[in-house]
Amino acid sequence: MSDAVLERETAQETKLGIVDCDIHPAVSTPDELLGFLPQRWRSHVKDYGTRSANPLVGTLPYPRMTPGGGMRRDAWPPSGGPPASDLAFMREQLLDPLDIEYGILQPLAAGSSTLNQELGAAMCTAINDWQIDKWTGPEPRLKGSICVTQEDTTAALAEIEARAADKSFVQIAIPPRTIEPAGRRRYWPIYEAAEHHGLPVGMHSAAAGVHTNSGTGWFSFYIEEHYAFAHSLQTVLTSMVFEGVFERFPKLKLVVVEGGFAWAAPLAWRLDREWRRMRSEVPHVKRPPSEYIRENVWFTTQPIEEPENNRHLLDTLRWMGTDRLMFSTDYPHWDFDDPRYAFKVPLTPAERAAIFRDNARQVYRLA
Amino acid sequence: MGRHVVARVDEVDIGKSKLVKVAGRDIALFNVKGEFFAIANRCPHEGADLCKGQLVGLAESDEPGQYRMTRHGELVRCPWHGWEFDIRTGKSWCDPARTRVKSFDVSVANGGTVVEGPYQAEIFQVSIDEDYVVVEI
Numbered sequence: 018m019s020d021a022v023l024e025r026e027t028a029q030e031t032k033l034g035i036v037d038c039d040i041h042p043a044v045s046t047p048d049e050l051l052g053f054l055p056q057r058w059r060s061h062v063k064d065y066g067t068r069s070a071n072p073l074v075g076t077l078p079y080p081r082m083t084p085g086g087g088m089r090r091d092a093w094p095p096s097g098g099p100p101a102s103d104l105a106f107m108r109e110q111l112l113d114p115l116d117i118e119y120g121i122l123q124p125l126a127a128g129s130s131t132l133n134q135e136l137g138a139a140m141c142t143a144i145n146d147w148q149i150d151k152w153t154g155p156e157p158r159l160k161g162s163i164c165v166t167q168e169d170t171t172a173a174l175a176e177i178e179a180r181a182a183d184k185s186f187v188q189i190a191i192p193p194r195t196i197e198p199a200g201r202r203r204y205w206p207i208y209e210a211a212e213h214h215g216l217p218v219g220m221h222s223a224a225a226g227v228h229t230n231s232g233t234g235w236f237s238f239y240i241e242e243h244y245a246f247a248h249s250l251q252t253v254l255t256s257m258v259f260e261g262v263f264e265r266f267p268k269l270k271l272v273v274v275e276g277g278f279a280w281a282a283p284l285a286w287r288l289d290r291e292w293r294r295m296r297s298e299v300p301h302v303k304r305p306p307s308e309y310i311r312e313n314v315w316f317t318t319q320p321i322e323e324p325e326n327n328r329h330l331l332d333t334l335r336w337m338g339t340d341r342l343m344f345s346t347d348y349p350h351w352d353f354d355d356p357r358y359a360f361k362v363p364l365t366p367a368e369r370a371a372i373f374r375d376n377a378r379q380v381y382r383l384a
Numbered sequence: 205m206g207r208h209v210v211a212r213v214d215e216v217d218i219g220k221s222k223l224v225k226v227a228g229r230d231i232a233l234f235n236v237k238g239e240f241f242a243i244a245n246r247c248p249h250e251g252a253d254l255c256k257g258q259l260v261g262l263a264e265s266d267e268p269g270q271y272r273m274t275r276h277g278e279l280v281r282c283p284w285h286g287w288e289f290d291i292r293t294g295k296s297w298c299d300p301a302r303t304r305v306k307s308f309d310v311s312v313a314n315g316g317t318v319v320e321g322p323y324q325a326e327i328f329q330v331s332i333d334e335d336y337v338v339v340e341i
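Protein chains in written order, with our numbering: chain C, 18 to 384; chain U, 205 to 341.
Keep in mind that the hints were calculated from the coordinates and are not lab data. Take the hints with a grain of salt, since some may be wrong.
Claimed, not checked - To spell it out: a stretch of chain U is covered by chain C in this simulated footprint if at least three of its residues, at any positions, have a beta carbon under 8 Å from a beta carbon of chain C; those stretches are:
| hint | region |
| --- | --- |
| 1 | 239-253 |
| 2 | 256-263 |
| 3 | 269-276 |
These figures come from a predicted structure and were not determined experimentally. Backbone N, C-alpha and C define an ideal beta-carbon position, used for all residues, glycine too.
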């Protein structure tokens with residue numbers, strides 16, 4: 018072939034049995050969740066709708082580059098309905114060909130960001146029942162997230178207590194864009210319950226939030242919102258470290274989902290630097306911040322960092338520790354990562370096993 | 205090297221695409237304003253099917269406040285991460301030297317000549333009354 022085309026990555030063995038830490042299940046029709054709500058809330062939703070802080074009901078704050086709110090264009094099921102609403106097609110396109118041993122569901126239905134807090138709690142309960150009914154029941158490879166209302170911890174605790182013994186669920190899900198910084202004490206009951214039950218708290222990057230995504234107003238572009246996922250999670254870590262959350266709940270497991278990871282080590286360097294100079298302001302933070310991050314926090318990989326020089330990715334992996342990383346696809350969203358091609362650097366078999374399977378198995382207590 | 209008959213002209217509408225298999229390769233065939241183009245189907249970034257991508261134009265700007273749209277329908281945008289590939293060269297817009305797909309010469313030939321010539325029609329019966337898309341590999 019005269020015109021050589023550089024193939025930068027090579028297909029890697031996927032027979033490992035992968036844990037995918039970020040799959041977004043969808044409803045087939047807008048009304049599907051209503052069937053899981055009690056009559057009182059079904060009527061309410063029909064009469065009054067649901068509202069979040071996003072001013073335009075039924076839209077995303079930032080319309081996305083592909084139809085359906087940012088979906089892979091090839092993920093629309095042949096049977097109809099939106100991407101990831103059809104279990105058979107999810108098996109055919111994702112679980113089977115990519116050898117996914119376990120997939121962690123991250124429902125983005127807006128129970129936790131519903132302004133009517135009682136409705137929000139009912140929506141969370143409905144979403145959790147729906148996960149069992151539509152996904153984890155029929156497909157044992159899929160594991161659910163206990164969706165809770167982080168701003169109403171009484172309701173959140175009731176939901177956690179009701180679900181904690183159910184092996185369909187492997188984590189508690191709350192969004193990172195909370196009303197107060199995530200380390201503030203109003204959220205501690207959730208962290209306490211999570212630690213008590215050994216359930217990780219998964220914080221998936223959120224499009225919606227009461228506060229603006231930049232901290233100084235709304236970004237102009239979707240390309241900026243996509244970046245905001247990283248700094249919203251950096252804020253979470255900084256707050257949780259300095260408020261003393263990990264000191265108070267030393268066995269708490271926090272999973273940063275879809276927020277990036279290459280920034281984690283430099284953030285920890287900076288937090289350590291400040292701590293050495295101003296430790297006396299926060300004497301309850303007894304150890305360097307990096308130690309809490311290294312012991313209590315895990316990061317999912319998608320959307321994977323893609324440095325100009327691929328090998329620089331290895332540096333970031335080494336800085337943070339490959340025991341901190343858990344593979345994720347973000348199926349069916351447009352920025353999906355394919356486990357066969359996403360890592361454009363050579364990993365040792367041990368590193369691959371850890372990142373693609375074993376770290377998640379351990380964190381989520383999978384078989 | 206060979207000339208392969210891969211589709212009837214009327215099978216691929218303007219602005220549409222078709223995945224064809226030629227000599228063991230997956231090739232994405234596109235109809236841009238009546239002209240046919242063929243590139244390797246697999247996106248070199250993470251492996252998505254480029255035949256499922258959207259045909260788009262090129263948005264360019266010399267400075268903030270000014271823009272122009274050119275090359276209407278002549279770039280294919282990957283259905284996953286949105287990498288844009290020039291349908292004529294296979295080169296990506298953002299990283300043309302490293303991230304590109306192979307492009308193939310395409311022509312249209314009448315069924316009559318196809319039946320006579322050194323063509324390989326692997327997929328279907330060729331009728332002398334129809335026009336066909338021919339990819340050179």
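Hints versus structure:
1. 239-253: holds (count 7)
2. 256-263: holds (count 3)
3. 269-276: Coverage by chain C is violated for the region 269-276 of chain U (0 residues, Cβ < 8 Å).
Hint 3 from the earlier list is the only one contradicted by this structure; the remaining hints agree with it.
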